[in-house]
Amino acid sequence: MAILLYHLFVLVNHGGGPSALADTVDRAGMSCQVGIELEQLDESGARLPDAVVLDMSSLEHSDARRMVEECHDRKLPVLAAVPRDAITTYDPSLNPDDMLVSPVSEAELTARVELAIYRVSGPSGPTLLKVGDLSIDQERYEVTVAGRRVTLTYKEFQLLVLLASNPGRVYTREALLSQIWGYDYLGGTRTVDVHIRRLRSKVESPGRSFVETIWNVGYRFKAPV
360 MAILLYHLFV LVNHGGGPSA LADTVDRAGM SCQVGIELEQ LDESGARLPD
410 AVVLDMSSLE HSDARRMVEE CHDRKLPVLA AVPRDAITTY DPSLNPDDML
460 VSPVSEAELT ARVELAIYRV SGPSGPTLLK VGDLSIDQER YEVTVAGRRV
510 TLTYKEFQLL VLLASNPGRV YTREALLSQI WGYDYLGGTR TVDVHIRRLR
560 SKVESPGRSF VETIWNVGYR FKAPV
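First residue of the sequence shown: 360, per my numbering; consecutive thereafter.
Derived by calculation from the structure, the hints in this document are not laboratory data.
Keep in mind the model is a prediction, meaning the values are calculated, not measured.
Take the hints with a grain of salt, since some may be wrong.
[To be verified] Simulated DEER-style distance windows between Cβ atoms:
(1) Ser452 x Val529: 43 to 53 Å
(2) Ser537 x Glu465: 17 to 27 Å
(3) Arg478 x Arg549: 32 to 42 Å
(4) Thr447 x Glu398: 29 to 39 Å
(5) His420 x Arg549: 51 to 61 Å
(6) Lys581 x Ser537: 17 to 27 Å
(7) Ala470 x Gln538: 29 to 39 Å
(8) Val529 x Lys561: 45 to 55 Å
(9) Arg508 x Ser452: 18 to 28 Å
(10) Thr447 x Glu473: 44 to 54 Å
(11) Leu521 x Thr448: 16 to 26 Å
Ideal placement from N, C-alpha and C gives every residue a C-beta, glycine not left out.
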């Protein structure tokens with residue numbers, strides 16, 4: 360994993376000095392380049408980084424905002440590393456993909472970078488279900504809608520996976536009850552209705568629906584158009 364660490368003064372402030380963030384990246388086992396502009400990579404023909412970290416201790420807010428916008432245009436995950444003593448003045452409208460408070464541990468830096476990459480690029484592999492802007496990672500038990508993380512209970516997650524894995528197929532309430540809760544569950548089919556309603560409230564919004572009610576029968580997941 361390659362991370363481009365933005366630290367504006369490393370290259371221009373009288374030779375600068377060692378970057379604490381760069382050292383943390385190195386200790387975390389990730390490669391790092393320190394630079395001023397992404398165009399430097401374009402001109403050199405180097406591969407783009409997997410993520411960009413802005414060192415807010417050395418960046419003017421206007422420069423940081425421009426860099427965030429450029430990263431968004433390039434679909435590059437971008438994180439803002441904010442010094443602990445400056446956290447009260449941090450402007451959330453900067454809108455990076457994630458924010459961390461420095462100094463930061465290697466473990467947290469790695470986790471934050473992975474989260475930012477996940478938010479921008481999403482997970483990959485056979486355990487991923489994608490329908491439109493809905494992503495279901497069955498390995499991590501994570502669901503996102505348009506990049507927004509959605510928190511589901513285990514039963515809600517099971518229902519969503521079952522329905523999304525078979526779009527267009529109608530499941531009766533009895534079938535859902537037996538497959539998700541088991542034949543010996545005594546709660547009745549109303550339990551299915553309650554969980555479907557809660558699931559919809561979390562993953563759906565006006566103009567965006569995934570689960571259809573088939574009256575007097577059950578439910579189905581909308582087949583992709």
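Honestly, which of those hints from before does the structure not fit? 2, 8, 10 and 11
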